[in-house]
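**Q** Here's the letter readout for the chains.
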Amino acid sequence: MSQGKRVTESCLVYTADAPEGVSEATQQALAPFDPEWSEHPVHGGYPGCRVHRSKWAEAMAALKEQAGFEMLVDHTATDYPDREPERFTVLGLVMNVDTQERVMMRTRVAEGDSVPTVSHIWKSADWSERETFDMFGIPFEGHPDLTRIYMPQDFDGWPLRRDFPMQGHNRFRD
Amino acid sequence: MPAASGDIQTVQTEELMQVSASTEASLLLTTVQALANWSRKHSMWPLPLGLSCCGIEFMATAASRYDMARFGMEVARFSPRQADLLLVAGTLTYKMASVMTRLYDQMAEPKWVVSMGACASSGGMYRSYPVVQGIDEFVPVDFYISGCPPRPDNVLNTLIKLQGKIDKERDYELRLDTPSAPEGQNVEEVAVLPGKRHGPPIALATDDERFVEQGPQKLIERGRKPEEGRA
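Quick mapping for you: the protein sequence lines, in order, are chains E and G. Heads up: the first sequence at position 139 corresponds to 138 in numbering that gives the first Met the number 0, and the numbers run straight through without jumps. Heads up: the second sequence at position 74 corresponds to 73 in numbering that gives the first Met the number 0, and the numbers run straight through without jumps.
Everything labelled a hint here was simulated from the structure, so no lab data went into it. Values in this document were obtained by computation on a predicted structure and should not be read as measured data. Ideal Cβ placement from N, Cα and C applies to all residues, glycine included. Take these hints with a grain of salt, some might be off.
Claimed, not checked - Derived Cβ-Cβ restraints for the label pairs, each shown as a range:
1) Asp-144(E) x Ile-55(G): 29 to 39 angstroms
2) Ala-62(G) x Ala-109(E): 55 to 65 angstroms
3) Tyr-79(E) x Ser-78(G): 32 to 42 angstroms
4) Asp-162(E) x Met-124(G): 44 to 54 angstroms
5) Glu-140(E) x Lys-160(G): 20 to 30 angstroms
6) Asp-162(E) x Gln-32(G): 51 to 61 angstroms
7) Gln-27(E) x Arg-101(G): 51 to 61 angstroms
8) Ser-97(G) x Trp-126(E): 34 to 44 angstroms
9) Arg-169(G) x Tyr-149(E): 56 to 66 angstroms
10) Met-58(G) x Asp-144(E): 52 to 62 angstroms
11) Ile-55(G) x Gln-166(E): 23 to 33 angstroms
12) Trp-37(G) x Ser-123(E): 57 to 67 angstroms
Said to hold, decoys possible - Among chain E residues calculated to face chain G with C-beta under 10 angstroms, some are:
13) Tyr-13
14) Pro-151
15) Phe-154
16) Gly-156
Kindly generate the complete structure, drawing on both the sequences and the hints.
**A** Here you go:
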């Protein structure tokens, strides 16, 4: 994010071949899920892998069980409001603790569509997915308790969407 | 107190003259109002609602260097039933606002509210969606303290000013009679907050249909109506 340039995911170049540094076990684990690979410096140089959202949970489970990615480092989303039709990208940074290998998993989701939950794979994904739901309004299918985690339950709106107003959302005042 | 002044005058002119010299020195004549004000302002028990760094400054105010106890305020009570002064010190979020209004409702009359610091008074630098832009959206405030956070001497100054305000209270009888919502009626019927007859009237309800069905306890109904704006 240098020189003030706005980096969006659309500038990523996806290829069918995994970039350098991705282990064989990782490639084999993700092979059945039509992965699209990218390597981009905006995410600390971690190799990125995009799968279709219908295969999201299966791909993540394969990473943990077959390739040893035992740790879910981060799980969140980003909003690209101009991108049609899938404005959101759900991100999951997973890590193999033994080999220090990390992969940034991505999937695209349109407004109103749901993403399969990974909370049964990593317990830590439970609250992360609730946070993503709270901030972006992305539902996670199969989540045990998909309620708001930060905002009041009767809060109206999704604060981290880019079309959410910077100020003036309060109920009684600007 | 015009109604009571005649009675007092009678006591002073006739019966007091007959008091013996020994008991004369142990008598103190005053009005009930003045006695109540005097005792209230010198036993001001605060309920500190320390929400952020202002809470640390309140602790400094209560500690030995500034020593709030010199003015009769040393008993910080963490039970609203035993407190007279709700001291909101810090950033109030909408999620916390329901807790604050509940604490305020549980405090016994008479009660006062001090908004300490920029955040509690106006939202401060947090001009964003989760932060209440001033606690007077939910409770009636007697004094606002500037500063981010205010220095302890500023807090002391405000509390002394609040004592001066209490000293001018002239509604002792009125305080005993607090209006409440009649049985079966919506909170919308109550135009003035209980015990705050001299404050600005605050609408307790909203016309927004989204929130009407959530019941009178919802904090949403305690704020001003959207069209009224900031008073």
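**Q** Identify every previously stated hint that the structure contradicts and give their numbers, smallest first.
**A** Per hint list: 3, 4, 5, 8, 9, 10 and 13 violated.
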